[in-house]
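**Student:** Those sequence lines, one after another, are chains C and S. Those letters in the first sequence? Residues 1387 to 1628, per this note's numbering, in order. Those letters in the second sequence? Residues 2 to 974, per this note's numbering, in order.
If you are wondering where the hints come from, they were derived from the structure by calculation, not from laboratory data. Take the hints with a grain of salt, since some may be wrong.
Said to hold, decoys possible - FRET-style restraints, in silico, Cβ to Cβ:
1. LYS1612(C) with PRO865(S): 40 to 46 Å
2. THR88(S) with ARG1453(C): 29 to 35 Å
3. GLY86(S) with ARG1424(C): 38 to 44 Å
4. ARG893(S) with ALA1463(C): 52 to 58 Å
5. GLN1546(C) with ARG955(S): 44 to 50 Å
6. HIS422(S) with THR1571(C): 40 to 46 Å
Where is the CB? At the ideal position from N, CA and C, for every residue including glycine.
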Amino acid sequence: MKTLDTLLVLDDSSPASARAREYAERFAAQTGAACEVRTKVADLGAIGTHLLVVPSGSPDARAIVERTATAVMLTPAALPAPRPLWRAVVPLTGQPGGDAALEFTVRLAGALSMQVIAVHVADPNADSGTGLEAAAHYADAAHHEYPQQLKEFVQRALPQCSVAERAALTDLVLCRGDVIAELLTLVRERDADLLVVTWQGRLARKGSRLLERLAGALRCPLVIVKPVSHGPFRLKVGEDLE
Amino acid sequence: MHVFELQAAIFDLDGVVTRTADVHAAAWKATFDPLLELLGIAEPFDAVHDYLNYVDGKPRYDGIRSFLASRSVGLPDGTPDDAPGATTVYGVGKQKDALFRACLERDGIHVFPSSVALVEALRARGIKTTVVTSSRNGRLILRRAGISGLFDAVIDGRDLDEGGMRGKPAPDGFLKCARLIDVAPSHAVVIEDAVSGVDAARRGGFGLVVGVDRGGHAAALRANGADIVVADLDALDPDRLDDAMHERREQEAWRVDQHGFDPAREHAMESLFTVGNGYVGVRGAPDTLLPGSQGDLFVAGIYDRKHAARPYSEEEFLNIGGGDSLHAELVSAPFPFRIVLQVDGVPLDPSDERTRRYRRRLDLKRAVLQTETNFELASDHHVTIASTRCASAAEPHLLLQAATVTVGDRAADVAIDASLHDPDLGANHPHLSVLETGSAPGGIEFVRYGTQASSYELCIASRARYGNDDTHRWRTEINARGQIKLQRYVVVYTTRDTDDPRSAAIRDLAARDWHRFDDAFDRHAACWHDRWEASDIRVAGSYATEQALRFNSYHLHSTAGTKPYASVGARALSGRAYEGHIFWDVEIFMLPFYVHTAPELALNALRYRYHTLDGARQRARDCSTTGANFAWESTVTGEDVTPDKILLKTTGREIPIFTGAQQIHVTADVAYGVWRYWDATHDHVFMREAGAELLAETARYWVTRCTRGPKHHHIRGVVGPDEYHHGVDDNAYTNWMARFNLERAVEIAAWLTRDAPDRWSELCERIDLRHDEPAEWNALAGSLFCPGPDARGVIEQFAGFFDLDEYPLAAEERLKAPINRLFDWDKINRMKLIKQADTLMLPFLFPDQFTPEQLAANYHYYEPLTDHGSSLSPAIHGALAARLGLAADAGRYWRQSLWLDLSNAMTNSALGVHPACMGGTWQALVFGFLDVRFGDDGPTWADDAAARLPASWRSLAMNLRWRGTTHTVEVKR
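Required output: the full structure, derived from the provided sequences and hints.
**Tutor:** Pasting the structure below:
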């Protein structure tokens, strides 16, 4: 699978969109994807592109993120000039189907020769409402369950990635704290160029505030990946059988 | 005689109730033929073949798109305002509708008298009758036919559109109809003449699907899920339908079916669908593996040092100590059923976007896994691969695989590679390196592997046949509607069985006869027939319970072997978690199941403990104690492979692991298992040759492990079954079990002295046992402090437990312990928070030593403090709640335990199934709900056992082995 066929940049002539365009062109140059520029995005649902690049301050940004099935890169206003991408951070929740961002990033990493750091953030205050925190719970013997579960979370998120593709994932970090704060810290400490998250229903409900908080504090682009639907699935047991 | 289960019948209209199918077909032909001519397509609409395959049963516009796609053309959808005859989908649809209505006006509506008779017969029995049709004219047709009053609900094409429901083959209309009449789909029959309708009913989970074949498509109806196919409804009556539904549901309770493919759930499904025979286990990955499949093959007893090249995840968690053992980790070997399938040069697996249908079925009765994947390469180009596999119960080294590749209406270039080669061996199976690959006469291929550190060798060899060709790689052009078949023997041998596994494997395969391939499956099934005779539990009134109990029994039987060097790991042979380590789970949670259903498997579990007795002796010496101190986590030699601590690399934080050094109750648990087996079997040979020695050496351990106090002996610095507290003194469970160990050792010493004095003398001499030691054990048993009930009747879990800080346990933390348990281990140690049944194990294991009041006092004290962080916990609570008559608690805990893996309740079934939970569930039913006790004459059960059963159960029947006799336990309401 080719990771990126096309990048589509929303250019509303603002200074922020000029920087968004620079990032898109850098991406396109590194991945070999085509790069189109539009001043308006009319029918986002029908676009056959693989990445929309949108200034995070754009008035259309939220609507674009919510409506499109395509991955969206939000570029904060205060971005430095783009450099060759070398490291991305991806939060890993462990929810089945909830970590599409990891596959997207790992495939992207192959095209960009980029490292990927997955981070599993356990929020001691349980549900922070972002959908980005560790969704799974652990049980029984810690030295058995924790390492194996984390490994499983990665593999569950990458069922169609080859061993070679998975090699882009260099670190899997477990940390505890406020999920947004921990992600921002990790991006800063690891000098990452991208934060890639999976669009969650809960993120959608509290979307604007959280996205603003993330995008406002980040000094790198934020990529939001929509989960992939795999059609109906049914295990005929329990009530289903009764 | 079963209870009448049929509650509703859902009829399709055209072709089932009314004779309008011909009218529809004629209207379609009159619509399509001029259009095809206009589009320059010579082949006209076939009113039989095209009607049945592309149009029948589907919503009108879907039918148009489907048929045109079969001619490789399409039309724009247009709009609902398009005029009849416009060259758009809407225009064509309206044209057909106009023609159809004109025909109705001209010719009227004809009904099938036999269908109306069946509807009336059903209604006379109080069974609801309904119609679901894709026809937008459904209600009009019923009215014109004068039969509207025969149906409790009608859903037609207009309802589907207005309700935003998908048409057939989606089940939306049927499900909506079932909701309208308030009948569960499993209690309704769907009667359909269209393939898409049959498919929809099957997808909707309806209790019975009847296909009506009025046009020579019976095979297609059956292939898409019809349980019964009839030429006319005069072949049916209410009783026959109900019988068929009952029979189908009985069959469903003997299997686990998965429909659809979800890569994110795949690892959990692989665990559930594992096939095994105790010698090997193979996870249930698809034959055509995904890149991320974890199709591991595990061989019992083959362990290796933790691999040096740690993957990313273990950079976060480094185990320190224990993991350095040569035998720290169960080795995963490559998937032996791999088939690389290419059609027209395109590799295919179930995650491919061209997958139209994926089914996986675990046939519990025959213990075979069946998979079927249908790929749609084009609208008229389908390829299906179906396979069956098993790990032979008759021959432990043997795996069997049969596969069929079938093509649809278009010929296909099909290439299959069934070789053993794993291109990612180093990444996926780092414990192994290839020592040799080769072939042998007869189309045999083999790979000989060596473990990296432990120096085991294993040889996996395969012999495959396509048609009459012995080969692992085949490429051919398959004609339209043709198929090819693959048969395959795979064998596994290791240096734990033979000095030369390669020769053994080749010799084994070379001796096999293709004419006896099917016999091999049958011999395997015959073994399982015997197992089910001994262990099946019949629950009238709950198919789902029967199914789940069988699923659990299947896994318990699939993982218990006959080799004395291996026992059952915490996740059986179904996953990598717990690294194949053997815990107290075996003796306390699984052994009773084996003792009372398959005593030979229980014997083997105890032979494993005898096999590792020297390791336990060494461990005792290492701890400056005497006798035998069994490992908390055991693998090959009996050494303990529990790490001392784990290191979180990111933060540099170390978290100590206390269980290896302190969870010493496992030694008494082994003794308990020995006694329980002997008590239930009177296998005196085992007791004389191994059991007595196990009891004596474990008793000796307590003599030096206990410390003398002013009044009593004490056991200090332990971890009990509740692993949230470490370094505690006088844990009630540990001390009670140690006392039991000492008392039984005294008893057996007396028995041997009396009944086999030569053997006793020989044992004393061989293990340097003084003749006064039994008296010493007896004295210690009397002196050992065993916490008893206080004034409230509650036993303190350990010294000082009552004084710990309270922990406000939130409901959502139960069964899903949050991560704080890891980070805040020291804080938790000071709290009244319990991971799993600890003190409550005592009334569970020793019911006669507790009054009902004491049982209630302990249950009500400890149950609210327990978060069930272990899968072992709910079953014990369910059992005790049942004995107390707490029906709600009993049912809730037991259901959690019963469906733990099938519902992925702990979100960790991807790492392997939980056999100890399965054994605990069985015990909770037998020793909790039924409260079975054994006497000289066999089992007795509680007088009020029937009242304790869940409300929907009408009866329960099972067999229990006791001292060589099979006893039937039967409880009826």
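**Student:** Given the hint of 44 to 50 Å, is the C-beta distance from GLN1546(C) to ARG955(S) inside that range or not?
**Tutor:** Since GLN1546(C) and ARG955(S) have Cβ atoms about 47 Å apart, the given range 44 to 50 Å holds.
**Student:** Taking 29 to 35 Å as the hint, is the beta-carbon distance of THR88(S) and ARG1453(C) inside that range?
**Tutor:** holds, 32 Å
**Student:** Mind checking the hinted window 40 to 46 Å against the Cβ distance between HIS422(S) and THR1571(C)?
**Tutor:** holds, 45 Å
**Student:** Does 40 to 46 Å hold as the CB distance between LYS1612(C) and PRO865(S), or does it fail?
**Tutor:** Check passed, 43 Å falls within 40 to 46 Å.
**Student:** Between ARG893(S) and ALA1463(C), does the C-beta distance stay in 52 to 58 Å?
**Tutor:** At roughly 53 Å between Cβ atoms, ALA1463(C) and ARG893(S) fall inside 52 to 58 Å, so the hint holds.
**Student:** Between the beta carbons of GLY86(S) and ARG1424(C), is the distance compatible with 38 to 44 Å?
**Tutor:** holds, 40 Å
Checked against the numbered hints given earlier, the structure satisfies every one of them.
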